[in-house]
Amino acid sequence: MKKKRIVLTFPPNLIDQPIAYHLIKDYDLMVNILRGTITPREQGRLLVELSGKRGDVDKGMAYLTGLGIEVQPLAQDIKWHEKKCTHCTACIPICPSSALALDREKMLVSFDKDKCIACELCIPVCPYKAVEIQF
Amino acid sequence: MAKTIKEINERIKQGKAVVVTAEEVIELVEKKGVKKASQEVDVVTTGTFGPMCSSGCYFNLGHSKPRIKIGGGIAYLNGVPAYTGFAAVDLFLGATALPDGDPRNSVFPGEFRYGGGHVIEDLVSGKDIQLVSTAYGTDCYPRKELETWINIRDLNEALLFNPRNCYQNYNVAVNLSDKVIYTYMGVLQPRLANATYSSAGQLSPLLNDPYYKTIGIGTRIFLGGGIGYVVWNGTQHNPGVKRGENGVPKSPAGTLAVMGDLKQMSPEWLKGASFTGYGVTLTVGIGIPIPVLNEEILNYTAVKDEEIWTQVVDYSQSYPQVHAGSLGEVNYKQLKSGSITVDGKRVPTGGFSSYAKAKVIASTLKEWILKGRFFLTEPVSPLQSVDAGVTFKLLHERPLPKSQHP
Numbered sequence: 229m230k231k232k233r234i235v236l237t238f239p240p241n242l243i244d245q246p247i248a249y250h251l252i253k254d255y256d257l258m259v260n261i262l263r264g265t266i267t268p269r270e271q272g273r274l275l276v277e278l279s280g281k282r283g284d285v286d287k288g289m290a291y292l293t294g295l296g297i298e299v300q301p302l303a304q305d306i307k308w309h310e311k312k313c314t315h316c317t318a319c320i321p322i323c324p325s326s327a328l329a330l331d332r333e334k335m336l337v338s339f340d341k342d343k344c345i346a347c348e349l350c351i352p353v354c355p356y357k358a359v360e361i362q363f
Numbered sequence: 234m235a236k237t238i239k240e241i242n243e244r245i246k247q248g249k250a251v252v253v254t255a256e257e258v259i260e261l262v263e264k265k266g267v268k269k270a271s272q273e274v275d276v277v278t279t280g281t282f283g284p285m286c287s288s289g290c291y292f293n294l295g296h297s298k299p300r301i302k303i304g305g306g307i308a309y310l311n312g313v314p315a316y317t318g319f320a321a322v323d324l325f326l327g328a329t330a331l332p333d334g335d336p337r338n339s340v341f342p343g344e345f346r347y348g349g350g351h352v353i354e355d356l357v358s359g360k361d362i363q364l365v366s367t368a369y370g371t372d373c374y375p376r377k378e379l380e381t382w383i384n385i386r387d388l389n390e391a392l393l394f395n396p397r398n399c400y401q402n403y404n405v406a407v408n409l410s411d412k413v414i415y416t417y418m419g420v421l422q423p424r425l426a427n428a429t430y431s432s433a434g435q436l437s438p439l440l441n442d443p444y445y446k447t448i449g450i451g452t453r454i455f456l457g458g459g460i461g462y463v464v465w466n467g468t469q470h471n472p473g474v475k476r477g478e479n480g481v482p483k484s485p486a487g488t489l490a491v492m493g494d495l496k497q498m499s500p501e502w503l504k505g506a507s508f509t510g511y512g513v514t515l516t517v518g519i520g521i522p523i524p525v526l527n528e529e530i531l532n533y534t535a536v537k538d539e540e541i542w543t544q545v546v547d548y549s550q551s552y553p554q555v556h557a558g559s560l561g562e563v564n565y566k567q568l569k570s571g572s573i574t575v576d577g578k579r580v581p582t583g584g585f586s587s588y589a590k591a592k593v594i595a596s597t598l599k600e601w602i603l604k605g606r607f608f609l610t611e612p613v614s615p616l617q618s619v620d621a622g623v624t625f626k627l628l629h630e631r632p633l634p635k636s637q638h639p
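Same order as they appear, the protein sequences are chains A and B. Residue 229 is where the first sequence starts when you use this note's numbering, and the numbers rise one by one after that. Residue 234 is where the second sequence starts when you use this note's numbering, and the numbers rise one by one after that.
Since the hints were made in silico from the structure, they are not lab data. None of the values given here were measured: they were computed from a predicted structure.
Pairs of lysine to any residue, SDA-like flavour, derived with a Cα cap of 25 Å:
#1 LYS537(B) / SER596(B)
#2 LYS412(B) / ILE345(A)
#3 LYS312(A) / GLY510(B)
What the simulated footprint calls covered on chain B by chain A, stretch by stretch (three residues with Cβ under 8 Å from a Cβ of chain A suffice, anywhere in the stretch; the number is not a length):
#4 278–285
#5 501–508
#6 563–575
#7 584–592
Glycine residues also receive a C-beta, built at the ideal position from the N, C-alpha and C atoms.
One chain only, chain B, in its complex shape (with noise of 0.2 Å):
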């Protein structure tokens, strides 16, 4: 009998509700049948905790006295340059800023130990930043310089914004050059001895809801262990990739833009990341719950590792130079075992996002929706699946004749 998510909300506030992660789930439906269990279960709640690039943040400082306008000037949080192209006093300060003294990869590989990750890291954590502002100054904002320490308490909002989270499956990177390479997929290895991977399998999100039935604009969610919600899909969101027979797309494919009060956050689920060689990143601890409306969309959530497929890929040439081409695909139950066969070869299989973690997220989305604390929303709008004819597109350049380089 189908469900709705009102009648989902009525039985968590009086506390009927019937919550299981979507690891619980497998089990559930394996004991006692996806008719069952879809009958029994109101929510599944699904988790992931890995680096995610396309983050950032924004606030409102508050105005100084005599006034700044630091928009269309300069400023820096920690040393990282953050973005002043808003209002007088509204900054928005991404993931993978650097500091411009970084030494980046002049000597390779760089190390990347501090950046905008770790900013929002520390300022989520409560810790004072240092901000320097310079301006050019106006009429009503007569101030050119601004040196102060800032706190998350202080200021008038701060947001978690993230144009790009939650990637529905995701490569698996291997080397298959002569040399160590550093990528954003971590420290590969020569001629195939390691294979790195990033995806919560079964426990993420949007492999639990593959054809984006209940999670839409407007969803809320467990985001860095406050709540936020759905914005929009995601960057680069791809729903027409090849899919398996369950509709589990095998490579790459929707994304969501997220966003959320970053004051409720926690330095626990928020994380600065350092990639040697690569940069730096947040990782992103994320979990979104799915009402189970019915037979089908319970039957989706009790995917298994075993069942969700992606692609091994060269990150020494293929990516890199943009050639399509798989040298395999491979399951995550495989990549969570220690090894995958790539070409023959027995590989070592290390992750970049955390399934102890994931589970932590689907654990604690559960408890919250139990206590009666986490109500689900209605999807404002649904975002663009398979039938959307959404094209993921490479650039096409047009290159500018040399006298109109700016």
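If we strip away everything but chain A, and leave its shape as in the complex, we get (with noise of 0.2 Å):
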């Protein structure tokens, strides 16, 4: 079994093609669908999370390029910058996948990229812009 979130970029011609369809039915993905946003004739984004058999996801993956749908790992569009954060923890209880965790014995913020789902509920709590999403 094997888990990717992936940000894809869909090109104007791409963005009433039904991909994630295909993407279940012909490569017997789980697609979650966490985020999506659609520029009428300019782009699509949406941001997923595949699992299946390891074959299946790159094989998968390669179905997306071979469509001209630019396909990034999430992580690039998130920053957490460590030096802005004061650890003050306003965002600890906010943040829904505890991508963003607090050691309680040390009251330190940390930031795990991978399980971030860039929801961006933290971005408006933060008083430091610590957290930088592009989505």
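Work from the hints to combine the two standalone chains into their complex.
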């Protein structure tokens, strides 16, 4: 079983294609759509989590690339500026995936990119703009 | 046996002083008891690092050629308006000031990306700051416009002066309404879905000296990474609130006005902060040494998170409408555990005062004292305490007739 969080950027000509259907039907993948934006006639962005057999995930990704969809790992678009973080812990109850976590012994905040689902709930909560998400 | 501050300073000079942080003293007292610990320890260091809106700085720019009287004129620092109502080239910049063009909450909730607190951080960082000023011109100060870069190293004086910092305890904020609210206690989710707090608890300066028996006017402190002083009680100083048996106030109580040389300070301990939907502010680092003059003082410093209680307040109605009433009492151990129980409901908690940074401040101050770089001061005058009869007044409004509006 393999799990991958990726950001897909669709060129305008592919915005109306049933891509998720093909990933599920043809590649036997679980497609968990976490976020999406479509700018009419420009481009579409989709944050998805693909899970399935290792070979299937790779084949599904090759299918996406073959169509002309840009595939990027999610982590590229997310930054946690550790120096800006004051470890105030305001973000901790807000983060739904525990990407932002607190060591309660030391009261130090940490950030795990791989757990982040780019929901951006932490953005208005952090007074120091320590998390930056470009989606 | 009682000690004096003079004796403690002598021990600091000789490199013999025993200094522990307000966290370390807890364990020490548990191990050795109050009596033994009070004999051994000379100083307990405290710390806090949280957003403190009543903060600002003033400075003297130096005179331009020809001279300009900015006093009574207009001045902007990186687009943020500064107060000019002093002499020719003295300016005051407050932490919550916003550029005239900031959209504020016109698109709700506003982001408040840059304001006075951020200018102070940039200034302390040694960055060049844009000064744009206009004046009316006089015979002795003929110039009417000035646009220039300034830098903290070129200013004659630059002082941090904060009329209210270091709150002794603070409310826990929740939201009982059906919509998200944006407050100075952060984003509060509807129907009691989260709670926020803002105190360093057992490390917080005034919680370790609940009756202000050692901290007073003239106390030398760690301020923003440099050395500062307590110059008065802070505004809204309210020592008369309900206290526990240990003397610790159960709601916001004492406050401090502090001051220090901004040129010594560091952006690590003075940080601009943006509160969505609320505004900008400055997060300030303060550390205060408590001289262990006797057993009683040491006993106060050994206070633990679970012995410091505070009130849960609804910020959707109670706070804005000034309705008295608490939804319950919780302690800082509970708050730091990640959740509290309010109305039978488990509510996740988040803070605004950084305990981790407070610890660094208390340790830094400890190091300074151990290295003989920092000596304690005798207060010039005590702060008003519980017996001073201080009352915390609301504004008594006396509306003006329409014609008298300026």
